[in-house]
Amino acid sequence: MTSGKTELLINAIMDGYDAEEDFFKRHCRIFPRRSVVYSLVDEVRALMFPGYFDDETLAGESNEALVGERLMRIQRILSEQVRRAFLYNDESLSEEDARAQAEQIADEFVDELPRLQALLLKDAEAAFEGDPAAQSREEVILCYPGMHAILVHRIAHELYLRNVPLIPRLMSEQAHSATGIDIHPGATIGEYFFIDHGTGVVIGETTEIGSHAKIYQGVTLGATSTRKGQALSGTKRHPTLGDYVTVYSNASVLGGDVVIGSGSVIGGSAFVTESIPEDGRVSVKDQEVVVRQFGAPEPVWCYEI
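Take the sequence shown: its position 239, counting from 1, is numbered 239 in the numbering used here, and each next residue is one higher.
Quick caveat, the hints were computed from the structure, so don't treat them as lab data.
Check before you lean on any hint, since a few could be wrong.
[Unchecked claim] Ranges between beta-carbon positions, derived for each pair: (1) Ser225 / Val284: 57 to 67 Å; (2) Gly234 / Ala178: 25 to 35 Å; (3) Arg115 / Gly51: 13 to 23 Å; (4) Glu64 / Ala12: 53 to 63 Å; (5) Ala19 / Lys285: 48 to 58 Å; (6) Lys285 / Ala12: 55 to 65 Å; (7) Pro277 / Ala178: 31 to 41 Å; (8) Gly263 / Glu91: 34 to 44 Å; (9) Ile13 / Val284: 51 to 61 Å; (10) Gly234 / Glu7: 40 to 50 Å; (11) Ser225 / Ala12: 35 to 45 Å.
Every residue gets a Cβ at the ideal spot worked out from N, C-alpha and C, and that includes glycine.
All chains, please: the whole structure from these sequences, using the hints.
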């Protein structure tokens with residue numbers, strides 16, 4: 001590439017920066033650092049389950065010094081990244097105010113860690129008890145994508161509740177990439193939650209899920225329409241599931257007014273846009289399966305499902 005062509009390309013790209021100042025120039029765009037946010041999730045996970053995801057301790061064992069060190073590291077890393085997020089979000093915010101708010105949120109977050117650990121242990125128990133293929137709780141913690149997704153969600157949700165910009169979504173999208181499970185950090189999820197298999201699960205921002213719920217791969221808990229875009233921000237767009245609800249694979253439950261009553265079961269591939277009473281059963285009827293041999297004019301057999 002000639003120097004003249006290089007100069008033309010540089011000028012064209014710089015012109016693009018100038019034309020889109022909102023993306024490239026506004027208060028220099030101090031973002032939280034993605035890699036640091038991801039490492040923060042790893043630190044919290046290692047604290048929750050010592051020895052499972054690091055080489056510093058035997059599985060299930062730790063000591064006060066290591067726990068204290070991890071707590072301080074989590075607090076320090078989170079405070080700095082939240083400070084950056086606040087400065088990104090509000091150009092009028094002073095450095096001093098951003099730091100003070102970030103330190104307060106980091107303090108509040110570490111105070112919640114014992115409660116989060118108790119929740120995650122219940123989630124692991126739900127997965128073990130709910131899956132006959134699970135050979136141990138340790139296998140659930142180490143291997144199950146649903147367990148990782150809910151761990152990240154419970155971390156991100158605490159920051160979402162405190163109106164921290166960007167960081168909760170960075171966390172949830174990293175988990176989405178790793179597991180194929182897309183849980184918006186705004187979703188409210190009760191205890192003993194189990195996602196079986198998990199690939200393709202989508203849980204929207206305003207979804208509410210009770211305790212002891214179980215969902216399978218391909219399930220969507222979504223909105224009926226988002227055509228109004230930002231005008232819908234802050235409204236209840238996603239469904240509410242009661243306690244002990246099961247949603248089987250590839251089912252869609254859509255709409256902010258939809259309430260699935262406690263104890264209900266949503267069958268596979270169902271499309272639900274209306275509320276279901278407690279202990280309801282939703283199934284798909286009158287589907288026909290046709291089996292024919294290649295080149296044969298008539299089916300070998302068929303049946304309705």
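Going through the hints against the structure:
At about 22 Å, the CB distance of Ser225 to Val284 disagrees with the hint of 57 to 67 Å. Checked against the hint of 25 to 35 Å, the pair Gly234 and Ala178 passes, with Cβ atoms roughly 29 Å apart. Range check, Arg115 to Gly51: about 21 Å between beta-carbon atoms, so the 13 to 23 Å window is met. About 59 Å separates the C-beta atoms of Glu64 and Ala12, a value consistent with the hinted range of 53 to 63 Å.
Checking the proposed 48 to 58 Å range against Ala19 and Lys285 shows it holds: the Cβ atoms sit about 56 Å from each other. In this structure the supplied range 55 to 65 Å holds for Lys285 paired with Ala12, their Cβ-Cβ distance being about 59 Å. Taking the beta carbon of each, Pro277 and Ala178 are about 37 Å apart, inside 31 to 41 Å as hinted. The supplied range of 34 to 44 Å is broken by Gly263 and Glu91, whose beta-carbon atoms lie about 50 Å from each other.
At about 52 Å, the beta-carbon gap between Ile13 and Val284 stays in the expected band of 51 to 61 Å. Checked against the hint of 40 to 50 Å, the C-beta distance between Gly234 and Glu7 comes to roughly 47 Å, which is consistent with it. A C-beta distance of roughly 39 Å is found between Ser225 and Ala12, which places it inside the suggested range of 35 to 45 Å.
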